[in-house]
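Trainee: Chain by chain, the residues run as shown.
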Amino acid sequence: MKRSKLLMLIGALLLTGLFIWPMWNITLHAPQYPDAIGMDIHIDRFADAKPNDIKNINIMNHYVGMKDIPESIPEFTIFPYVAMGMILLGIVITIVGRPKLYVAWFGLMVVLGSIAMYDFYRWEYEYGHELKENAAIKFTDKKGQPMAYQPPVIGSKMILNFRAVSMPRLGAYAMFLGMALSLLAFFQSKKENDKITAVST
Amino acid sequence: MKIKAFIISIITLSGILLLSGSCGQNGNQTGALKSNMAERSFVAPGELDEFYAFISGGFSGQLAVYGLPSGRLFKVIPVFSVDAEKAYGFNEETKPMLNTSFGFVPWDDAHHPDLSQTNGEIDGRWCFINGNNTPRIARVNLATFETEEIIELPNSAGNHSSSFVTENTEYVVAGTRFSVPVPQRDLPIDEYKGNFKGALSFLKVDPNSGEMSISFQVMMPGFNFDLAHPGRKASHGWMFFSTYNTEEANSLLEVNASQKDKDFIAAINWKKAEELIANGEFETMNSEYAHNIYDESKHMATTIMETSVKILDPTKYPGLVYFLPTPKSPHGCDVDPSGEYIIGSGKLAASLTAHSFTKMLDAIENKKFDGDAYGIPILNYDDVVSGVVQGAGLGPLHTEFDGIGNAYTTFFISSEVVKWKLGTWEVLDRQPTYYSVGHLMIPGGNSQKPFGKYLVAMNKITKDRYLPTGPELTQSAQLFDISGDKMELILDFPTIGEPHYAAGAPADLIKINQKKFYNLEDNKHPYAAKSEKETRVERKGNEVHIYMTTIRSHFAPDNIEGIKVGDKVYFHVTNLEQDYDVPHGIAMIGANTAELLIMPGQTETFTWEPKRVGVWPFYCTDFCSALHQEMQGYVRVSPRGSNVPLKWSLDGE
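Residue numbers (the numbering used here), protein chains in the order written: chain A, 1 to 201; chain B, 1001 to 1653.
These aren't lab readings, by the way, just hints derived from the structure by calculation. Predicted model, so just to flag it, every value in this text is computed and none were measured. Even for Gly, the Cβ is constructed at its ideal location relative to N, Cα and C. There may be inaccurate statements among the hints.
[Stated by the list, open to error] Taking CB as the label site, the calculated pair distances span:
hint: 1; chain 1: B; residue 1: D1522; chain 2: A; residue 2: A148; range: 35 to 43 Å
hint: 2; chain 1: B; residue 1: D1522; chain 2: A; residue 2: T77; range: 26 to 34 Å
hint: 3; chain 1: B; residue 1: E1085; chain 2: A; residue 2: L170; range: 45 to 53 Å
hint: 4; chain 1: A; residue 1: S156; chain 2: B; residue 2: M1037; range: 41 to 49 Å
hint: 5; chain 1: A; residue 1: S156; chain 2: B; residue 2: F1042; range: 33 to 41 Å
hint: 6; chain 1: A; residue 1: S156; chain 2: B; residue 2: L1048; range: 27 to 35 Å
hint: 7; chain 1: B; residue 1: D1522; chain 2: A; residue 2: F76; range: 50 to 58 Å
hint: 8; chain 1: A; residue 1: P168; chain 2: B; residue 2: E1609; range: 37 to 45 Å
hint: 9; chain 1: A; residue 1: S156; chain 2: B; residue 2: T1474; range: 23 to 31 Å
hint: 10; chain 1: A; residue 1: F19; chain 2: B; residue 2: E1047; range: 37 to 45 Å
hint: 11; chain 1: B; residue 1: R1612; chain 2: A; residue 2: F76; range: 52 to 60 Å
hint: 12; chain 1: A; residue 1: I154; chain 2: B; residue 2: D1522; range: 46 to 54 Å
[Said to hold, decoys possible] Result set (PhoX-like, lysine-lysine): computed pairs, CA atoms no more than 20 Å apart in a straight line:
hint: 13; chain 1: A; residue 1: K50; chain 2: B; residue 2: K1204
hint: 14; chain 1: A; residue 1: K55; chain 2: B; residue 2: K1310
hint: 15; chain 1: B; residue 1: K1204; chain 2: B; residue 2: K1075
hint: 16; chain 1: A; residue 1: K67; chain 2: B; residue 2: K1516
hint: 17; chain 1: A; residue 1: K55; chain 2: B; residue 2: K1204
hint: 18; chain 1: B; residue 1: K1515; chain 2: A; residue 2: K50
[Stated by the list, open to error] Every beta carbon over 12 Å from chain B, so not counted as near; a handful from chain A, in silico:
hint: 19; residue: Y33
hint: 20; residue: M60
hint: 21; residue: L89
hint: 22; residue: D141
Just chain B, with the same shape it has in the complex (with noise of 0.2 Å):
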């Protein structure tokens, strides 16, 4: 009996100093970690983040950059969407970016942000990025963070297997995801298949100013084509695009569309298809398309409508197009840094299928196929798989890589991220996320050399995790730290508009392209005055063209007399600064457009239609100095047919 007490009482205390040890370690645990998770997303004040990340604004149709591991937003570059802040698409100078061959379409949706490349590995010199409702690409230049370019492209819709760049930035591509008639014309809608196609555009990049042409589209069947990325190293010359509604539904295609095992990832032989556009084997097709292009020294866009295509019909031409089955509607398809495994998404399966393109070539050698679709070759499942990601999770859309033989993979349905190993296909961790992560990213992620410190998985939904503002909430990143064995969640970030996807940079390969203002003396913009002393007010008709300057803090002029009820008055406003971070904004009463928002050395024009007689300010709206409030200035508006001179002064001198 003493024997059996002294047992029990041994046990429960040994069990109650077990327990008590185990809470201890492990509040001490949460205590350290917490601690230790603030500092390693911390960036002191005056200090710089690490990398640049360029997330894409979603359905705000811009693109904006934070700083990692922070998570500070740094700027919201626009790029498919007015922006009046900085009077992006509203003056005279950018309204011509939004030129499509529909017109002038302000808004769109801003998807997969990617940056170009030289050897294989990220250069910081560019962005690029695509709007997927009325189709274009944009370029934006890293050393201005400005949009300098978006081309329209023709045939397509839904501009969405875009715009992923080639090794060497040869090629930024652009496939549909909405097929169309191409081309266009009036059609029963259920007569889709056979005549539905879906273009991908092949853009060229000229390797010195950045410049993009549309170099020719491979008119493929009317699938939806859902993501691509390049081949790179061994399978350089090769782009793979996702694809689904292979059953080419054309209703209901959360059903319809869903229906068949497998769909395909599409591989592109596009050094084939340079060939056979060097021997002139293709058909040119007359479609418009809008080219805008904004030129930095004249501080201004211009459009020009291109009015034809070079299209290459992969029926045509063996050799050009084969298709790699993946099962249940892929979404994403990652090529991993050697250039070997062709990752596919199958965003209703609970597994990964990852493609040998060794495998690929070897059964196009050999003529391994399993049918054809439009008499494009069908390659055997068997023979192309290298291996499965068996229970990785549920929903898997998207994959990219450390650099050092892991896979993260983000799956939407059961809301995480799993980290895997590449050639054993073993999972080796999970994360969840918070809630339902669309895409990833890791800096370099689409290259031969990732950076693999840092995670952002991209969420489509959040919830309750920010403070609550209203029905509508704000859309958020995660940071994980992927540089240990286990990914640790350290930081959440609220995003503009929706994050679809993103790219990320180291900050030194950035930062030193900068350019800190615009040299006064290269600006060509014919409506510059590039001194006080050229200043002046001409008129022309009921044009009046005001051709002012700023400087801390005045403008030249400053009293302006002579305008007239039914003028309309172009105000053509230079900043004189030559000084780093020294922007003049102008606004003017009841102008029905925005303020404009002009860097040192910069030239911009806004235009005012006076409807009422009166004597009407205008001011500096950026907080340039210490008299910034002085900072304004008269027009007098006199009524229509009045004799009042034009005069303008500026301390009446």
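So that you can see chain A by itself, here it is in the shape it has in the complex (with noise of 0.2 Å):
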């Protein structure tokens, strides 16, 4: 085999890193909490990081009406699907072999990828901002507006007394991985196919 084809061949395939290991995860960080508490994001689930831990930050977070965090979510049906679907198409372009082919599935990749990212951001959005009425404990930010407790999609920010740090997991890091031995098979296919017609000529 072509060594292009088996970059894309394995490119494709770490997309199955996605069903083994978290995607990304939350860890809220605070004096009270030596061990701090977290929750893991696969793509078909919200996982704790350590037993209990969605229970305690749900605990936490009531006092100041955030909703808990839901046993699921739509996008855990669909995203399985969209991962499976570009393992498959991934192998079936390492068959064809077109090395357009390799560019296109890492720009799918990029697109899907985006659009994960701004869900992410819309979930976490609500999540923060949808507070119930009769809270306990309602803050204000510095405008005088009511405080939202939204958590960051990648990197730490201060919320009250925690400090939340958002970021990717292995899962994540194998599909990141996988879209850049994509692009290598391009590249790699271009420089074979080089060769070849260098042989050629």
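Using the hints, build the complex out of the two chains.
Mentor: This is the structure we're talking about:
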């Protein structure tokens, strides 16, 4: 098998990492929580970073009127199909072996990834802004507006006494690597084609 | 003349110089020493101690947990006495822990904690402790720091030479201090001699669960059995008990039990006893005794009344027991880490006696006997003694070891700790204690591997050492740094009750096994409500059972109606929290019991018998959250025979 094809195949198969490892993680740090509490976001579910973490996040957040982190969201039923589709597509593309398709696959991944990130941002926005009317504690920000508790999409942010850190996890890193490999496959195949051209002339 | 004056002035000058020089030196030393002392016992905020110390609460009946070297008190574990703070002995779940054949006994005198061992080293799993008054042995789980089991000892009284653990925690032993008629019967007290017996109980410990059972009792003559220690290495398989009142006096013991020049250390061959038991060579005696076990998954204790015990009569089985003559009513009988020396502390003497295990075996083999007591051979004193620490101090009580060849003994009368060398028997150092030290503790002291860095002296008298608090003063422990040649006093710290005895362990050994909370899923309490959906109120005649939950920051339900005067209301409260250090409490106005303090995932129950019509509040007693003050509820109590229906709700739902 040509090296470019191998790279593309591995790139596509790396997306299976999304089914094994969490994609993202949000961790809350505070002095009262020496063992920080956190939530892993998998392709199909929210999960405790360590046992009971989501329950404890919900207990804390209910004081300011935040809703419980839902058991499931519609995305969790859609995302796995999209990822599986992209894996299959990647395999098909590998078989076809057309370099342009490698780039197309990469491009599609970028588009889908961006949609997913935007969707994640939207969910976080609602989660942090849609507060219950009868919340026990109502804080306002410096402008006098009701305080929002939206965690960052990536990076860290102080929310009251908590430092919220949001970072990709192994599943996402595998996906990024897969995307990089598909791009590499494109350049590799170009190199291989150049060689073939060179030999034929 | 001139020369003379010159010489005198030189001498005077040099004298002044010398004096001032030495003065300065002294001053500096004290200053440096003082600051260094503080440093050595200082554990900075946020940092952790190096050792745990489990110090008996004496007449408080409890076990106190301290950190060393800071001397900070972390927890008082309720063991033999009720504790309203933790509802121990007050809630329905732990009341059975204090059951005995005499009924519910809410207090005892806690004496000698000892830690479980594996291969002769402490393993950090359990702490055993004895109740002296109504003879009992308790086992504390060091993952939860809760009392998990208490077993009563039949045929025993003054359970003092207890609760010492063998090298692999095969047995915990418990000996009788006040011999009694066995079986108990109506008898003139002056018929003591020959009729009174001292039972030495051997409690088998299950290596996995830690559960105890009385394997057998060796029914000894009516002496007073004071303390005990297990053999180790070569002497593993033997247990040594000190005795006094071998005179068998039954009155004015302070005089009449102090007449003989020597009493005994009784050496019990428990391997031999095991063989006898295995071969069915024992008598079975009907005796009633309580066995209380706390089941962690049910969060509940139950009492089983046991009915019989196996008895071994040492006069019938040669080789089971030997007596080692030991001067002057020995208190401590301590076995060094090698297992070779058995140190007898004759409490009315000025010297210490070290018996040799090797010589003891030789004396047994070659029948070097000096008569017998009730048919039990007395070994010839000179043939078992290895050495005597002469002029060590007055009133020796207890010896522990540092693992590098030194021994440390407390002297009650001369109020000091004395360091001496095993083998050469020479005194190396002595330091005063303030005042009248009883026992001492070196972490890992009763094992093959002591951690000879600190020594805790437990004093009987405090007098002027602390700010006065009326006639009753705190009792006190003193911490010595023993890492150098000389012992150095680095800290005084107050203790609860009377610190009789202690056991210590490296923090790392215990820290790693800590339970942080109880898993709600594993809660098998029959009255648990594992979610707010399961909360309800049920009536059975005049008994009302409330299945209640707590979570920050509310009770469910928190409004209850339909309770009537004359009802017996059971509050079964489950703490739904699943996080470290989030207990909730509950207290009800007028309840004739204590609050509950419920750990995450746990269920506890208190009862309330409302006597007055009205609406009565209950609330959370443990500051749990920012809205702790809002964590409260009401119970409506209607008159006897009223028709108010049973109703419960949270936020109207």
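Trainee: Work down the list of hints and note, for each, if the structure agrees.
Mentor: Outcome of the hint check:
Between B:D1522 and A:A148 the beta carbons are some 38 Å apart, a value that agrees with the proposed interval 35 to 43 Å. Separation of B:D1522 from A:T77 is about 32 Å and conforms to the stated range, judged on CB atoms against 26 to 34 Å. The given range of 45 to 53 Å is respected by B:E1085 and A:L170, whose C-beta atoms sit roughly 47 Å from each other. Under the hint 41 to 49 Å, the C-beta atoms of A:S156 and B:M1037, about 44 Å apart, fit the expected range.
The hinted window of 33 to 41 Å between A:S156 and B:F1042 holds, with their beta carbons roughly 35 Å apart. Taking the beta carbon of each, A:S156 and B:L1048 are about 28 Å apart, inside 27 to 35 Å as hinted. Between B:D1522 and A:F76 the Cβ separation comes to about 29 Å, which falls outside the hinted range of 50 to 58 Å. Evaluation of the 37 to 45 Å hint for A:P168 and B:E1609 yields a failure: the beta carbon distance comes to about 60 Å.
Taking the beta carbon of each, A:S156 and B:T1474 are about 49 Å apart, not inside 23 to 31 Å as hinted. At roughly 44 Å, the beta-carbon separation of A:F19 and B:E1047 lies within the given 37 to 45 Å, and the hint holds. A hinted range of 52 to 60 Å for the beta carbons of B:R1612 and A:F76 is consistent with their spacing of about 55 Å. For the pair A:I154 and B:D1522, the supplied restraint of 46 to 54 Å is violated, since their beta-carbon distance comes to about 38 Å.
With a C-alpha separation of about 39 Å, the suggested pairing of A:K50 with B:K1204 is violated against the 20 Å cut-off. A C-alpha spacing of about 53 Å is found between A:K55 and B:K1310, which places the hinted pair above 20 Å, so the restraint is violated. Only pairs whose Cα atoms come within 20 Å are accepted, and B:K1204 paired with B:K1075 is rejected, the gap being roughly 28 Å. Under the criterion of a C-alpha separation no larger than 20 Å, the hint pairing A:K67 with B:K1516 is inconsistent with the structure, at around 27 Å.
Restraint check: the Cα-Cα separation between A:K55 and B:K1204 comes to about 43 Å, which exceeds 20 Å; the hinted pair is violated. Proposed proximity of B:K1515 and A:K50 is supported: the alpha carbons are some 15 Å apart, at most 20 Å. Non-interface call for A:Y33 relative to chain B: violated, since the shortest CB-CB distance, roughly 9 Å, does not exceed 12 Å. The Cβ of A:M60 does not lie farther than 12 Å from every Cβ of chain B; its closest approach is about 8 Å, which violates its non-interface assignment.
No Cβ of chain B comes within 12 Å of the Cβ of A:L89; the nearest lies about 42 Å off, and the non-interface call holds. The Cβ of A:D141 sits about 19 Å from the closest Cβ of chain B, beyond the 12 Å cut-off, so the non-interface label holds.
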